[in-house]
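All chains should be built: construct the whole structure from the sequences, respecting the hints.
Number of protein chains: 2
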Amino acid sequence: MNIFITNDDGIHARGIRQLIAIAREFGDVYVVAPDGPQSGKSHAITLSVPMRAKPLPVEEPGLVEYACSGTPVDCVKLGLRELFKDKPMDLLLSGINHGSNAATNVLYSGTMGAAIEGIMEGVPAIGFSMATYDQQVCFDPAVDSVRTIIRQMIAHGRVGDCWNVNIPVGEVKGIKACVQAHATWDERILRREDPHGRPYYWLEGDFENDDPRTDTDSYYLDHGYVAVVPVTVDMTDRAALSRMGGWF
Amino acid sequence: MNIFITNDDGIHARGIRQLIAIAREFGDVYVVAPDGPQSGKSHAITLSVPMRAKPLPVEEPGLVEYACSGTPVDCVKLGLRELFKDKPMDLLLSGINHGSNAATNVLYSGTMGAAIEGIMEGVPAIGFSMATYDQQVCFDPAVDSVRTIIRQMIAHGRVGDCWNVNIPVGEVKGIKACVQAHATWDERILRREDPHGRPYYWLEGDFENDDPRTDTDSYYLDHGYVAVVPVTVDMTDRAALSRMGGWF
Numbered sequence: 095m096n097i098f099i100t101n102d103d104g105i106h107a108r109g110i111r112q113l114i115a116i117a118r119e120f121g122d123v124y125v126v127a128p129d130g131p132q133s134g135k136s137h138a139i140t141l142s143v144p145m146r147a148k149p150l151p152v153e154e155p156g157l158v159e160y161a162c163s164g165t166p167v168d169c170v171k172l173g174l175r176e177l178f179k180d181k182p183m184d185l186l187l188s189g190i191n192h193g194s195n196a197a198t199n200v201l202y203s204g205t206m207g208a209a210i211e212g213i214m215e216g217v218p219a220i221g222f223s224m225a226t227y228d229q230q231v232c233f234d235p236a237v238d239s240v241r242t243i244i245r246q247m248i249a250h251g252r253v254g255d256c257w258n259v260n261i262p263v264g265e266v267k268g269i270k271a272c273v274q275a276h277a278t279w280d281e282r283i284l285r286r287e288d289p290h291g292r293p294y295y296w297l298e299g300d301f302e303n304d305d306p307r308t309d310t311d312s313y314y315l316d317h318g319y320v321a322v323v324p325v326t327v328d329m330t331d332r333a334a335l336s337r338m339g340g341w342f
Numbered sequence: 095m096n097i098f099i100t101n102d103d104g105i106h107a108r109g110i111r112q113l114i115a116i117a118r119e120f121g122d123v124y125v126v127a128p129d130g131p132q133s134g135k136s137h138a139i140t141l142s143v144p145m146r147a148k149p150l151p152v153e154e155p156g157l158v159e160y161a162c163s164g165t166p167v168d169c170v171k172l173g174l175r176e177l178f179k180d181k182p183m184d185l186l187l188s189g190i191n192h193g194s195n196a197a198t199n200v201l202y203s204g205t206m207g208a209a210i211e212g213i214m215e216g217v218p219a220i221g222f223s224m225a226t227y228d229q230q231v232c233f234d235p236a237v238d239s240v241r242t243i244i245r246q247m248i249a250h251g252r253v254g255d256c257w258n259v260n261i262p263v264g265e266v267k268g269i270k271a272c273v274q275a276h277a278t279w280d281e282r283i284l285r286r287e288d289p290h291g292r293p294y295y296w297l298e299g300d301f302e303n304d305d306p307r308t309d310t311d312s313y314y315l316d317h318g319y320v321a322v323v324p325v326t327v328d329m330t331d332r333a334a335l336s337r338m339g340g341w342f
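Chains as they are written, first to last, in the numbering used here: chain S, 95 to 342; chain Y, 95 to 342.
You may find that some hints are simply not true.
Which copy is meant is left open, because identical chains are indistinguishable; a pair holds if it fits in one copy or across any two.
[Stated by the list, open to error] Capping the alpha-carbon separation at 25 angstroms, the derived lysine to any residue pairs in SDA-like fashion look like this: (1) K179 / W279; (2) K270 / T326; (3) K181 / G264; (4) K181 / V158; (5) K267 / R332; (6) K181 / R282; (7) K181 / F301; (8) K181 / R292; (9) K179 / G291; (10) K267 / E119; (11) K148 / E281; (12) K148 / G291; (13) K270 / R337; (14) K270 / R146; (15) K181 / G216.
Derived by calculation from the structure, the hints in this document are not laboratory data.
Structure below.
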């Protein structure tokens, strides 16, 4: 089978190298990933400047890699529609991200932006994230879970299926299919002044899971399980819609 | 009341000037909008470089404006958490975008990224988009609908309510609350070579509404109605989840 891989930490990040190694057990692997960090890029696409894509010198059979100047979603579009347009993809994998994309982080995540683009392209997709920003984290305890999840998507996945997978650090207790938690960032803005006295700003914040439910991705992740949330592109709030009768 | 306004076409676009004019009928207006075009930026946030925000010389009472170097979502975070942190906002408005954000465009849209950020911040929010890229489009036929929709959100909106509003060009037949269409882009990649013979790429494509339902935003928009879709941040695909029993 043909497997497309991208990420948002950039093509040289340890997480994508680990994911490529696992994916090669399942088929031929085609990589288009950002040439540098693209975290927090969500579903952004590049419209105002053109993109570059540079083939990397890879000498292993069944593996082709390009480094792309665009966002993770750009990488998917460029890969599926141009660079590998003669290779119908059976599966799209994104990650392994350094940092959790559980709960509402799915909205900000470039890793998940790329995976969700799989729905648009009719390719079953999985985004993998590890719940730590530690660039040197050991992926070994996660490898079996990643394999199992890929195997189940291959066995059961339909066109348009997309999973948001978050992996705890250390020993894994099991894998749980579950719902997205409603958690938020307690955001602060760091204000500094440049040498000319002009202000500039950095975003910073702490993630707060204030969702009391016990069937959510954040809950399972906090309790040592790999959390798998199936994701849809239909953002309609049907509960809100049912309240809107007669307003217009 | 205090109304926060942003957009993704930039602070000098005609659409946001029109929206500011309408919003001032309802209360004091606080603007933080991009200092240049930020279309297609989705829910992206800026992490790798700091942001700037420059106050504009506005001499009207009840109106304050900043031009920000970040994305639309950055503008919301910076505005609500720093620049106007002493002004609790009652309503967040984004737009009026030049170009439709109906159907799955909600995922790519910076206009809607900013509005959806309202849900994160507990502020009722509306994103407005006009179904044409014509920068010189006449907004007059849309003004009454925009007013009505703002009035209904003020009357009924709850914390976390967010509406994706798309407006047809020309005469408006009415306003419909409805669901998001499942439409896609038929994407092409334009490949060119620079003077040194190296390839570069542009995204281009046509929007295709292949959703046969007649209660969707794309359907109503195509038939001359303003379409209002309530949007949620919960992307869980519950139908897919119900199929996943026993897989892990």
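Could you place K181 and R292 in one of the four classes (within, between, both, neither) given a Cα distance threshold of 25 angstroms? Between copies, since 23 angstroms is at most 25 angstroms while 51 angstroms is not.
How would you classify K179 and W279 at a CA-CA limit of 25 angstroms: within, between, both, or neither? between (39 angstroms within a copy, 16 angstroms between copies)
Up to 25 angstroms between alpha-carbons, please classify K181 paired with G264: within, between, both or neither. neither (36 angstroms within a copy, 44 angstroms between copies)
Please sort K148 with G291 into within, between, both or neither, judging by C-alpha distance up to 25 angstroms. between (41 angstroms within a copy, 13 angstroms between copies)
Pop the pair K181 and R282 into one bin, within, between, both or neither, using alpha-carbon distances up to 25 angstroms. between (45 angstroms within a copy, 16 angstroms between copies)
Cα distance capped at 25 angstroms. Does K267 pair with R332 within a copy, between copies, both, or neither? between (35 angstroms within a copy, 24 angstroms between copies)
Using 25 angstroms as the alpha carbon limit, work out where K179 and G291 are close: within a copy, between copies, both or neither. between (51 angstroms within a copy, 22 angstroms between copies)
Quick one: K148 to E281, C-alpha cut-off 25 angstroms, is that within a copy, between copies, both, or neither? between (37 angstroms within a copy, 21 angstroms between copies)
Is it within a copy, between copies, both, or neither that the alpha carbon of K181 lies no farther than 25 angstroms from that of G216? So K181 and G216 pass the 25 angstroms test inside one copy only (14 angstroms; across, 45 angstroms).
Alpha-carbon proximity between K270 and R337, which holds within one copy, between copies, both or neither at 25 angstroms: Between copies, since 13 angstroms is at most 25 angstroms while 33 angstroms is not.
Identical-chain pair category, K181 with F301, by Cα at 25 angstroms: The answer is between: 24 angstroms across copies meets 25 angstroms, while 40 angstroms in one copy does not.
Go through the copies and call it for K270 and R146: within, between, both or neither, with a Cα cutoff of 25 angstroms. neither (39 angstroms within a copy, 42 angstroms between copies)
This entry does not satisfy hints 3, 14, going by the numbered hints stated previously.
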